[in-house]
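Visitor: For reference, the chains in residue letters:
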Amino acid sequence: EAGVTQSPTHLIKTRGQQATLRCSPISGHTSVYWYQQALGLGLQFLLWYDEGEERNRGNFPPRFSGRQFPNYSSELNVNALELEDSALYLCASSPGQGWTDTQYFGPGTRLTVL
Amino acid sequence: DQQVKQNSPSLSVQEGRISILNCDYTNSMFDYFLWYKKYPAEGPTFLISISSIKDKNEDGRFTVFLNKSAKHLSLHIVPSQPGDSAVYFCAASGDGSSNTGKLIFGQGTTLQVKP
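Line order of the protein sequences matches chains A and B.
If you want the numbering used here, it's the position in the first sequence, counting the first as 1, plus 3.
If you want the numbering used here, it's the position in the second sequence, counting the first as 1, plus 64.
Rather than coming from a laboratory, the hints here were simulated on the basis of the structure.
As the structure is a prediction and not an experimental result, all values here were calculated from the model.
Built from N, CA and C at the ideal position, the CB exists for glycine as well.
Be aware that one or more of the hints could be misleading.
Computed from the model, here is a short list of chain B residues facing chain A with C-beta under 10 angstroms [claimed, not checked]: (1) 66; (2) 100; (3) 113; (4) 115; (5) 147; (6) 157; (7) 162; (8) 174.
Using the sequences and the hints, build the whole thing.
Guide: In structure tokens form, the structure reads like this:
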């Protein structure tokens, strides 16, 4: 069974540009989560989507946004990129909204903002 | 305000011995706890979890213990193998009444298992 996949693996942008990151969940999973791991910091929760709806959002500015498509894949958009947005962005998926549903992570997208 | 803390940045053990990784939390409303392992340039891999209604969960070489009164959990790996060398993260979720979907992670502990 294929795991969570993310694309691209690496992304290089300049300050002020927009970045789009993509995630395909494990087959049968309806929930998708996004996390940021900046250098020297732990994994920080960004967003949670389930059944096409945003269910929860972390403490990030509105220029971080995303969506979930009917096939449950998701994309994360970061507008007006700043240098401190450079980080590893991880996507995870889970079977549903259950409180004990385990989140399974993809390999991540390394975003570098110059 | 770091709600989940792993106070030991690193741990080194001999192959075959027990590895004990510790994690403390401050929010008594957390109701689900997980441990993940992470290799460089890869995403975290789920290891084992425990709900707040239990105090122990075992899966092969991995056992997680939860002490709710002390707000402390630990991961025991027995016996430790060189392939276990990685960064280990504990994570917590829940607010006591609903699923927030949000995992709160500790800073990680780097485990090195020496042959």
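Visitor: Against each hint, give a clear statement of whether it holds in the structure.
Guide: Tested hints:
Nearest Cβ of chain A to the Cβ of residue 66/B: about 8 angstroms, under the 10 angstroms cut. The hint holds. Below 10 angstroms, beta-carbon pairs count as interface contacts, and residue 100/B has one with chain A at about 7 angstroms; its hint therefore holds. At about 6 angstroms, the closest approach between the beta carbon of residue 113/B and any beta carbon in chain A falls short of 10 angstroms, and the interface hint on this residue holds. Hint on residue 115/B holds. Least Cβ distance to chain A is approximately 6 angstroms, under the 10 angstroms limit.
Taken as an interface hint, residue 147/B does not check out: its beta carbon lies about 19 angstroms from the nearest beta carbon of chain A, beyond 10 angstroms. With its C-beta approaching chain A no nearer than about 7 angstroms, residue 157/B sits inside the 10 angstroms limit, and its interface hint holds. Given hint, residue 162/B at the interface with chain A, holds; its Cβ is 8 angstroms from that chain's nearest Cβ, closer than 10 angstroms. With a cut of 10 angstroms, the hint placing residue 174/B at the interface with chain A is violated, because the nearest CB-to-CB distance is about 13 angstroms.
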